[in-house]
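Protein chains: 2
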Amino acid sequence: MKKAVVLLSGGLDSATCLAYASSKGYECYALSIDYGQKQLAELHAAKKIANYFQAKQHEIVNIPIGKLGGSALTDQKIEVPAHLESDEIPVTYVPARNTIFLSIALGWAEILQANTIFAGMSSIDYSGYPDCRPEYVKAFQELANLATKAAVEGHPIRIATPLIYLNKAQTIQLGDKLNVDYSITVTCYQADHQGRACGYCDSCMLRKKGFEKAGLQDPTRYQPQKNQ
Amino acid sequence: MKKAVVLLSGGLDSATCLAYASSKGYECYALSIDYGQKQLAELHAAKKIANYFQAKQHEIVNIPIGKLGGSALTDQKIEVPAHLESDEIPVTYVPARNTIFLSIALGWAEILQANTIFAGMSSIDYSGYPDCRPEYVKAFQELANLATKAAVEGHPIRIATPLIYLNKAQTIQLGDKLNVDYSITVTCYQADHQGRACGYCDSCMLRKKGFEKAGLQDPTRYQPQKNQ
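Taken in sequence, the protein lines are chains B and F. Following my numbering, the numbering of the first sequence begins with 1 at its first residue and continues without gaps. Following my numbering, the numbering of the second sequence begins with 1 at its first residue and continues without gaps.
For identical chains, the list gives no copy identity; a pair is met inside one copy or between any two copies.
Pairs of lysine-lysine, DSBU-like flavour, derived with a Cα cap of 35 Å: (1) Lys56 with Lys67; (2) Lys47 with Lys67; (3) Lys77 with Lys2; (4) Lys24 with Lys67; (5) Lys3 with Lys77.
Think of the hints as simulated: they come from the structure by calculation, not from any bench.
All chains, please: the whole structure from these sequences, using the hints.
This is the structure in structure tokens:
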């Protein structure tokens, strides 16, 4: 059976990605990273999702990059802003996050002799992070082709990003076909400990509009005071 | 003052690299990774070296990839072999190690607004690891140019590998000029808790020959029973 490492944050995209990898017949090894994010609800969601899709194994690796600072997602002193229509990269950007995540996935994939890494980046409805763009993914693939013993010995590890050209509505429609239970996913940048969303951050806005556009019922649970 | 992140394992190469960065006028932020290596003597050495060269800051980040297995350097069940003349990548290879280390360095460099990362890879006297080759470093540079907010905003982070074309003797001669105290560095793959070397692993052999060829006294301390 072919094996894949699937990066699983606990959000809508990575849940869809796991469902997709699973539907393609991969034995899935889910990898979540505890990088010091302020809210841990997404990691709890990741556990539920890995379980729901019967991942062969689920590892939560603790990478304490949050202590180095630099992002509204890890630093208590930087507030998560409301969604803004802007071309600027927002303060929720975490320095080198996807590079770090993909690197760990690459190491684990090589150990497992998995031939594919699935990652749920999208370059359409996204927060403008540089490490979600197709050219970034292509560069990581080129690096991976040189980085590992597996690649040198003729078994390169493929980086698959099936959602990269899908907008949020298309991702949700895909996930809906693949029976993703979006009620257990947590997308919000500042979900509370019960996994309830704020309703106004960048990530919440993209998700909310995605369900509207997809014509599907949004199962997101919102925090009572901010329920909109 | 220009800032640099310097990857510091505690070995001969990274100590030389730190000395070099420092001699070029960089304010140095030393980064060591505790990745579950069996021997911790090199991390103790890293502390001494960071201190010796007055690094502005020294971070030891714990990245528990060792628990995922896959290398003689992290897995108690895989023995570190004696040096072999072979073209094969040895069992001391750690899957995706340099990719993971450089990724963490990239994140920290961006947070610090450092414009350079120094890493002590050599492609001449080395163990044949794929992630020490010049083409690998070039691919990481290309990735870094796409991965960060800093790069998108016109401040790319440079990956400097000043030792990449030096053989071990040349590295030692460079370090000697830069006043590196090699007696505090630990190169051995299985040093004991006092930092004393085995004298027969790949890394020990390269180091020993390097001092011979450089015509300099080798200050390496060997474990008594294996002193050769």
